[in-house]
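> Could you put the whole structure together from the sequences, leaning on the hints where they help?
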Amino acid sequence: MPEVTKLIHKYLRHDKKFPHVWCPGCGTGIILGALIRAIDRIGYEKDEVVLISGIGCSGRLPVYVDFNTLHTTHGRALTFATGVKLAKPSLKVIVIMGDGDAVAIGGNHFIHAARRNIDVAAIIVNNSTYGMTGGQYSPTTPYGMRSTTTVYSNIEQDFKISELAVTAGAVFVGRGTVYHAKLLDDLMEKAFLKPGFSVVEVVSHCHVQYGRQNRLGSAVEMMEWQRDHAVPVEKALKMKPEELKDKILIGVLVDKELPVYQDEYEKIRERAKRATGG
Amino acid sequence: MLLQGNEAIVEGALRAGCRFFAGYPITPATEISEVLSVRLPQVEGTFIQMEDEIASLGAVIGASLAGVKSMTATSGPGFSLMQENLGFAIIAEVPCVIVNVMRGGPSTGLPTFPSQSDVMQSRWGTHGDHPIIVLSASTVRECYEITIRAFNLSEKFRTPAIVLIDEVVAHMREKIVLSDDSDDEEVKIFNRVKPTMPPEWYIPYEDTPSGVPPMANFGEGYRYHVTGLTHDIRGFPTSRQDEIGPFIARLHRKISSHFSEIQTAEFFETEDAEMTVVAYGCVARSAKRAVIEARGKGIKVGLLKLITIWPFMRSAVEKVLQTSKILIVPEMNMGQISREVKRVNRGIAKVYTLNKVDGTIITPPEILNRMMEVA
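If you read the protein sequences in the order shown, they are chains A and B. Take the first sequence: its letter number 114 is residue 114 in the numbering used here, and every next letter is one higher. Each position in the second sequence, counted from 1, maps to that position plus 278 in the numbering used here.
Please note: incorrect hints may appear among the correct ones.
[Claimed, not checked] The list that follows gives simulated cross-link-like pairs (lysine to any residue, SDA-like), each with its CA atoms no further than 20 Å apart:
#, chain 1, residue 1, chain 2, residue 2
1, A, Lys10, B, Gly499
2, A, Lys46, B, Asn495
3, A, Lys267, B, Gln320
4, A, Lys46, B, Gly499
5, A, Lys182, A, Ile8
6, B, Lys578, B, Glu651
[Claimed, not checked] Under 7 Å between C-beta atoms, here's a sample of chain B residues computed to sit facing chain A:
#, residue
7, Thr324
8, Gly340
9, Ala344
10, Pro492
11, Phe496
12, Thr505
13, Phe537
It should be emphasised that the hints constitute simulated quantities derived from the structure, not laboratory data. Glycine residues also receive a C-beta, built at the ideal position from the N, C-alpha and C atoms.
Below is the structure:
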């Protein structure tokens with residue numbers, strides 16, 4: 001068994017009934033691999049990691065790994081994460097969501113978790129579709145694309161998840177693609193280590209639903225599209241707006257410092273105790 | 279000490295060991311948030327105001343999984359939003375307490391007027407077959423006691439417990455003595471049973487004689503999976519018939535085999551009563567006054583005051599049916615508990631309703647008049 005596979009196996013739950021639910025060629029497995037490698041590099045104990053998900057293909061990710069795992073309701077993963085983190089700040093809380101999960105049904109929770117600067121890392125698998133329910137359009141389906149609920153064409157504009165996270169106040173925002181697996185390892189490591197609300201958006205593909213309906217080819221062809229359309233943020237600075245029109249910026253979009261909720265709340269506790277003379 | 283019902287709920291929660299509260303402002307429950315935002319940080323607890331009621335209950339469940347007793351408080355519109363995560367807490371067996379200070383509905387309804395119209399929502403509001411524990415109060419002291427009991431029952435049976443009161447009781451001020459005597463049965467504290475076996479032996483959703491498996495908190499060495507999907511005894515999603523059936527049956531059995539611990543009611547002048555009023559919340563106060571006045575007129579009438587609303591206390595109704603030929607069920611709704619009373623009655627006595635949905639309380643004379651009408 002190669003080293004990299006051994007590493008993954010160290011973190012998998014072997015009493016869980018494999019095979020997993022993802023389709024052959026899905027990008028979610030690559031994201032799980034990056035998550036495990038980042039955790040291993042940092043050296044977190046399995047006991048101190050809480051991995052929380054919502055609903056959909058990404059929602060099934062925690063069940064396979066040997067951490068404290070919590071598969072919540074659709075869109076609400078960040079609210080559960082807020083409770084876990086504030087109740088026991090020593091825990092490392094990581095949330096995995098899909099695009100529908102994070103910015104459709106869970107959009108409100110997403111912007112408020114960012115605004116509050118809850119010390120949670122959010123990984124968002126953005127495959128531009130509701131895959132598990134059969135390929136309906138999501139808030140990140142681009143204008144003009146087809147889905148089972150936009151058979152005549154999508155007339156809505158799509159959310160840019162990372163830019164939304166920046167605007168909402170996230171202290172760390174990184175974007176990668178499943179093609180750029182090594183970049184994902186780095187972005188996740190940085191996000192996990194960052195105090196405060198950090199976001200890693202991973203552009204992934206759903207060749208089975210979204211890809212097939214829009215004739216985008218196999219998983220490999222969709223990953224080649226990611227390779228050809230991704231531009232590192234440093235490089236983009238030297239490019240003209242028209243050159244960047246259909247490009248995806250990858251790398252670290254924001255890395256800044258803001259007071260972290262749990263540290264601020266500790267100050268509130270001190271003030272409250274002083275007020276009672278305690 | 280002079281407290282209002284909402285403040286007594288805060289005292290009960292703190293006494294029970296509640297150290298996490300997440301909520302969203304809503305009349306007439308807001309005082310609970312306001313007071314806890316001051317009190318919780320004084321005792322190493324956490325208060326957070328979330329973006330909505332869905333988020334509030336999500337945070338409460340998360341905090342409970344991390345090992346901290348947690349609560350939220352709301353009114354009808356917020357309680358509607360909480361139904362989603364209420365179901366999650368039931369299927370994932372996470373202890374937590376939800377206070378619903380009822381106001382008139384449907385929808386935004388009557389924000390500052392009392393009502394008892396969420397009785398059925400508290401029973402059946404979330405989808406799927408599920409048991410539920412709902413407690414009610416008609417005095418400020420009872421607000422204190424049932425909040426402690428709600429925490430105890432939720433910890434003991436690993437299930438959410440609902441404190442269902444009306445706006446009158448929430449905002450009414452009464453004298454109350456807060457007992458912190460640990461021998462006092464009413465204020466004894468129960469904490470969830472944790473696993474003691476080595477982590478590799480721990481089966482998080484295993485059946486036990488009580489039907490309640492021990493609960494490991496996150497970060498204490500017992501790594502397991504928590505999900506809202508129907509799951510096997512290890513917590514992993516299942517679609518096997520031989521696992522789904524026993525799981526759902528256990529969720530019900532852990533409550534139905536402990537009715538005697540969960541259900542309480544008060545009997546007033548019922549021993550020889552030929553007519554009994556069945557009431558709860560602020561209406562039980564009016565009913566008690568009406569019973570006293572009717573007794574003065576020589577009418578043999580009693581009061582059954584329900585404190586446990588759900589699971590419905592069949593045994594209490596059966597007890598008053600031994601002497602009573604007439605039951606009167608006054609409620610500030612179109613008739614919700616009266617349906618349950620009729621179901622238990624099965625034609626033995628005549629069951630009369632007295633319903634009021636105009637945002638005002640049911641008064642003692644109104645109940646007395648009803649007694650005269652049907653006697």
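> State for each hint whether it applies.
Now the hints, each set against the structure:
1. A/Lys10 with B/Gly499: Holds - the C-alpha atoms of B/Gly499 and A/Lys10 are around 17 Å apart, at most 20 Å.
2. A/Lys46 with B/Asn495: Roughly 14 Å separates the two Cα atoms, so the pair holds.
3. A/Lys267 with B/Gln320: Holds: A/Lys267 and B/Gln320 sit about 11 Å apart, inside 20 Å.
4. A/Lys46 with B/Gly499: Distance ~9 Å between A/Lys46 and B/Gly499 Cα, so the pair holds.
5. A/Lys182 with A/Ile8: Distance of about 15 Å is within 20 Å: holds.
6. B/Lys578 with B/Glu651: Distance of about 15 Å is within 20 Å: holds.
7. Thr324: holds, 5 Å
8. Gly340: Given a least distance of 3 Å, the restraint on B/Gly340 holds.
9. Ala344: holds, 4 Å
10. Pro492: violated, 16 Å
11. Phe496: holds, 4 Å
12. Thr505: Result: holds, 4 Å to nearest chain A Cβ.
13. Phe537: Since the shortest Cβ distance to chain A is 30 Å, the answer is violated.
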